[in-house]
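Chains as they are written, first to last, in UniProt numbering: chain A, 1 to 129; chain B, 1 to 129; chain C, 1 to 129; chain D, 1 to 129; chain E, 1 to 129; chain F, 1 to 129.
It cannot be assumed that every hint is accurate.
The list cannot tell twin chains apart, which means a pair is met if one copy fits it or any two copies do.
[Unchecked claim] Below, simulated DSS-like cross-link-like pairs (lysine-lysine); rule was C-alpha separation at most 25 Å, straight line:
| hint | residue 1 | residue 2 |
| --- | --- | --- |
| 1 | LYS58 | LYS10 |
| 2 | LYS10 | LYS92 |
| 3 | LYS58 | LYS92 |
| 4 | LYS32 | LYS92 |
| 5 | LYS10 | LYS32 |
It is worth saying that the hints were derived from the structure and are not from the lab.
Number of protein chains: 6
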Amino acid sequence: MSRDPVNYNKGIEVLNEMVGAPGLQAIDAFQKFYPDFADFLVSFGFGEIYSRETLDYKQRELITLTALITQGAFEQMTFHLNAALNVGLTPKEIVELVIHCAAYVGFPKACSAMTHVMNVFEQRGITAI
Amino acid sequence: MSRDPVNYNKGIEVLNEMVGAPGLQAIDAFQKFYPDFADFLVSFGFGEIYSRETLDYKQRELITLTALITQGAFEQMTFHLNAALNVGLTPKEIVELVIHCAAYVGFPKACSAMTHVMNVFEQRGITAI
Amino acid sequence: MSRDPVNYNKGIEVLNEMVGAPGLQAIDAFQKFYPDFADFLVSFGFGEIYSRETLDYKQRELITLTALITQGAFEQMTFHLNAALNVGLTPKEIVELVIHCAAYVGFPKACSAMTHVMNVFEQRGITAI
Amino acid sequence: MSRDPVNYNKGIEVLNEMVGAPGLQAIDAFQKFYPDFADFLVSFGFGEIYSRETLDYKQRELITLTALITQGAFEQMTFHLNAALNVGLTPKEIVELVIHCAAYVGFPKACSAMTHVMNVFEQRGITAI
Amino acid sequence: MSRDPVNYNKGIEVLNEMVGAPGLQAIDAFQKFYPDFADFLVSFGFGEIYSRETLDYKQRELITLTALITQGAFEQMTFHLNAALNVGLTPKEIVELVIHCAAYVGFPKACSAMTHVMNVFEQRGITAI
Amino acid sequence: MSRDPVNYNKGIEVLNEMVGAPGLQAIDAFQKFYPDFADFLVSFGFGEIYSRETLDYKQRELITLTALITQGAFEQMTFHLNAALNVGLTPKEIVELVIHCAAYVGFPKACSAMTHVMNVFEQRGITAI
Numbered sequence: 001m002s003r004d005p006v007n008y009n010k011g012i013e014v015l016n017e018m019v020g021a022p023g024l025q026a027i028d029a030f031q032k033f034y035p036d037f038a039d040f041l042v043s044f045g046f047g048e049i050y051s052r053e054t055l056d057y058k059q060r061e062l063i064t065l066t067a068l069i070t071q072g073a074f075e076q077m078t079f080h081l082n083a084a085l086n087v088g089l090t091p092k093e094i095v096e097l098v099i100h101c102a103a104y105v106g107f108p109k110a111c112s113a114m115t116h117v118m119n120v121f122e123q124r125g126i127t128a129i
Numbered sequence: 001m002s003r004d005p006v007n008y009n010k011g012i013e014v015l016n017e018m019v020g021a022p023g024l025q026a027i028d029a030f031q032k033f034y035p036d037f038a039d040f041l042v043s044f045g046f047g048e049i050y051s052r053e054t055l056d057y058k059q060r061e062l063i064t065l066t067a068l069i070t071q072g073a074f075e076q077m078t079f080h081l082n083a084a085l086n087v088g089l090t091p092k093e094i095v096e097l098v099i100h101c102a103a104y105v106g107f108p109k110a111c112s113a114m115t116h117v118m119n120v121f122e123q124r125g126i127t128a129i
Numbered sequence: 001m002s003r004d005p006v007n008y009n010k011g012i013e014v015l016n017e018m019v020g021a022p023g024l025q026a027i028d029a030f031q032k033f034y035p036d037f038a039d040f041l042v043s044f045g046f047g048e049i050y051s052r053e054t055l056d057y058k059q060r061e062l063i064t065l066t067a068l069i070t071q072g073a074f075e076q077m078t079f080h081l082n083a084a085l086n087v088g089l090t091p092k093e094i095v096e097l098v099i100h101c102a103a104y105v106g107f108p109k110a111c112s113a114m115t116h117v118m119n120v121f122e123q124r125g126i127t128a129i
Numbered sequence: 001m002s003r004d005p006v007n008y009n010k011g012i013e014v015l016n017e018m019v020g021a022p023g024l025q026a027i028d029a030f031q032k033f034y035p036d037f038a039d040f041l042v043s044f045g046f047g048e049i050y051s052r053e054t055l056d057y058k059q060r061e062l063i064t065l066t067a068l069i070t071q072g073a074f075e076q077m078t079f080h081l082n083a084a085l086n087v088g089l090t091p092k093e094i095v096e097l098v099i100h101c102a103a104y105v106g107f108p109k110a111c112s113a114m115t116h117v118m119n120v121f122e123q124r125g126i127t128a129i
Numbered sequence: 001m002s003r004d005p006v007n008y009n010k011g012i013e014v015l016n017e018m019v020g021a022p023g024l025q026a027i028d029a030f031q032k033f034y035p036d037f038a039d040f041l042v043s044f045g046f047g048e049i050y051s052r053e054t055l056d057y058k059q060r061e062l063i064t065l066t067a068l069i070t071q072g073a074f075e076q077m078t079f080h081l082n083a084a085l086n087v088g089l090t091p092k093e094i095v096e097l098v099i100h101c102a103a104y105v106g107f108p109k110a111c112s113a114m115t116h117v118m119n120v121f122e123q124r125g126i127t128a129i
Numbered sequence: 001m002s003r004d005p006v007n008y009n010k011g012i013e014v015l016n017e018m019v020g021a022p023g024l025q026a027i028d029a030f031q032k033f034y035p036d037f038a039d040f041l042v043s044f045g046f047g048e049i050y051s052r053e054t055l056d057y058k059q060r061e062l063i064t065l066t067a068l069i070t071q072g073a074f075e076q077m078t079f080h081l082n083a084a085l086n087v088g089l090t091p092k093e094i095v096e097l098v099i100h101c102a103a104y105v106g107f108p109k110a111c112s113a114m115t116h117v118m119n120v121f122e123q124r125g126i127t128a129i
């Protein structure tokens with residue numbers, strides 16, 4: 001039982017909208033392993049932050065993707081690339097974000113990011129051109 | 001004389017729109033010191049990247065600000081906070097970006113970023129609430 | 001009024017124990033600027049995290065200090081160095097943490113960290129030897 | 001023959017206590033490839049640093065794990081997670097460190113770290129709850 | 001057709017000298033996916049930067065390898081290790097760079113880097129001793 | 001009395017060659033504060049690493065400067081910029097290193113680095129053009 005049921009439920013809603021059932025599996029694994037961690041992740045990371053006003057999901061995914069690329073935290077890249085597409089960022093917008101990062105984060109991390117983008121787009125049968 | 005006059009001029013245009021004359025002074029200092037560096041910065045960093053289609057200036061400033069915060073590259077924060085406001089991101093949108101980073105980059109860097117935001121807003125006599 | 005009064009109050013308690021009134025001034029500045037940010041910082045960053053069981057304040061400050069040094073987030077270094085001393089880490093333990101970081105984070109960031117340690121110790125009139 | 005036999009031997013002792021024979025295999029590979037590198041790693045990284053007084057192995061593993069997570073240096077995560085458990089950090093303490101990092105390093109790197117924790121715990125047949 | 005054919009061709013020349021046909025395959029993949037990204041990478045990252053005077057290819061690979069190791073951008077490590085060897089850095093020079101990074105970037109990233117070095121050297125049937 | 005007098009003395013020699021008396025003051029401050037830290041810094045960071053064969057001081061400063069820029073560890077930038085010039089890297093070589101980093105680390109950190117370069121060159125009354 002979450003220590004913050006309202007935001008936990010908001011978080012599950014956000015996750016459903018952003019990634020649907022496949023994405024909830026990752027959370028499930030954390031939930032079984034150590035519920036408090038899944039609790040924080042879902043209620044704070046998604047429930048509280050993503051459901052705030054002022055910035056919509058598309059803007060938030062621009063921010064999250066940039067944060068991941070800059071940190072080199074590519075393990076969450078696939079999750080958020082799918083989320084970004086699902087909430088309405090176009091393939092072109094995502095690729096252009098990576099190009100922007102080539103200048104503002106450097107070409108190495110942009111190349112790593114682009115490879116992840118290519119994999120996700122291939123899985124989804126979409127192109128950016 | 002730039003090695004790429006078309007994009008150099010685009011870059012100066014972009015800089016004028018984004019920060020106006022005060023911001024061009026930083027570029028000036030680089031220009032006097034080592035023209036090639038200013039050349040790359042203006043023609044590639046601003047001319048080529050910022051004038052690309054698909055993502056507008058506001059989206060690009062969301063990306064650049066996030067990249068700066070995540071890298072801890074706070075020396076360029078003031079420049080881009082002013083740019084962000086000038087191109088139409090609202091004070092609230094900027095603050096909410098920092099709050100988003102608290103979860104996706106961690107509270108330490110978000111706190112550093114928020115301090116810079118507070119300074120710039122104070123200089124410009126604006127509030128975020 | 002906090003969106004999470006229980007954890008907000010826990011956070012204020014933690015902050016009082018860790019840094020006392022001087023430290024609360026930084027939070028105050030955030031509070032006046034954008035209450036939601038101070039709210040998250042106090043209730044999540046300090047209230048929820050620091051008051052969790054299993055790891056005590058001294059262990060948590062070992063973790064936070066290491067995270068700050070590794071990120072190069074030195075703007076929060078003074079705050080947490082004071083907190084570390086206040087919760088019972090000895091001057092020697094703090095210096096030895098920095099030496100450990102020399103090997104595991106590299107000498108440059110360890111040197112930056114040590115300079116901050118020296119400043120705080122000087123302000124408090126303590127030595128590590 | 002090490003350039004610093006005393007600390008080299010201390011380092012081998014530390015490694016034996018921390019990870020035992022399996023862990024020494026990684027060092028062995030470096031030793032065969034370029035002895036000086038293994039020499040520095042064993043004598044300085046483990047011999048000199050880990051055997052210093054003031055901080056015990058458990059505190060040092062809190063620091064090292066935090067440094068790895070913050071840097072995103074996950075290739076050494078498995079080694080140090082095993083070391084942490086072997087020197088007496090409890091499964092719960094390790095998981096709580098990762099939760100602490102969610103706030104102080106951000107959720108992305110905490111998620112990556114937690115995945116590594118789950119893998120190591122599974123291999124060792126332990127749980128954190 | 002590149003937006004900057006002169007530097008694009010310079011970039012292809014540089015790539016041929018540095019990595020030959022195998023390395024051009026990675027660029028090819030980017031080219032098919034989103035030509036503008038390959039364009040920037042080849043014409044700016046390799047054409048403009050690598051063909052500049054003052055620093056030769058060997059010095060530039062010292063810089064690039066260090067940047068990759070420090071960022072933990074190991075996905076490009078293999079490419080640049082091969083490039084470094086091809087442009088004349090000796091195996092010993094490359095290994096000594098990693099040892100230098102052990103002190104200036106920390107042992108964790110140096111260990112990750114050394115593993116990549118070992119793999120590339122093994123593929124090429126060379127040793128550093 | 002150093003725990004490693006041979007390498008400590010090598011380190012002092014290296015420091016004298018690289019920065020002379022002014023630079024030794026920083027080490028002095030560490031020495032007074034906590035001798036073991038100065039000991040490690042001088043004997044390992046400078047004595048053991050910088051006096052190794054295969055890479056000369058100029059190559060090592062290319063590596064160290066790149067590591068500092070990439071980490072954003074600008075507090076040691078002035079020290080190493082002076083060292084780089086003293087050991088024979090030309091002003092142009094140093095500026096070109098920063099330009100190389102614009103592509104491989106990103107423009108933000110390159111801009112921060114260039115500002116430090118400009119300050120040191122101004123203090124020394126030299127130009128890069």
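Verification of the hints:
Proximity of LYS58 and LYS10 under a CA criterion of 25 Å is satisfied intra-copy only: 17 Å inside one chain copy versus 28 Å between copies. Taking the closest pair of Cα atoms, LYS10 and LYS92 come within 25 Å of each other only across two copies (22 Å); inside a single copy the shortest separation is 29 Å, beyond that limit. Proximity of LYS58 and LYS92 under a CA criterion of 25 Å is satisfied in both settings, with 13 Å inside one chain copy and 16 Å between copies. Taking the closest pair of Cα atoms, LYS32 and LYS92 come within 25 Å of each other only across two copies (14 Å); inside a single copy the shortest separation is 37 Å, beyond that limit.
Taking the closest pair of Cα atoms, LYS10 and LYS32 come within 25 Å of each other only inside a single copy of the chain (20 Å); across copies the shortest separation is 28 Å, beyond that limit.
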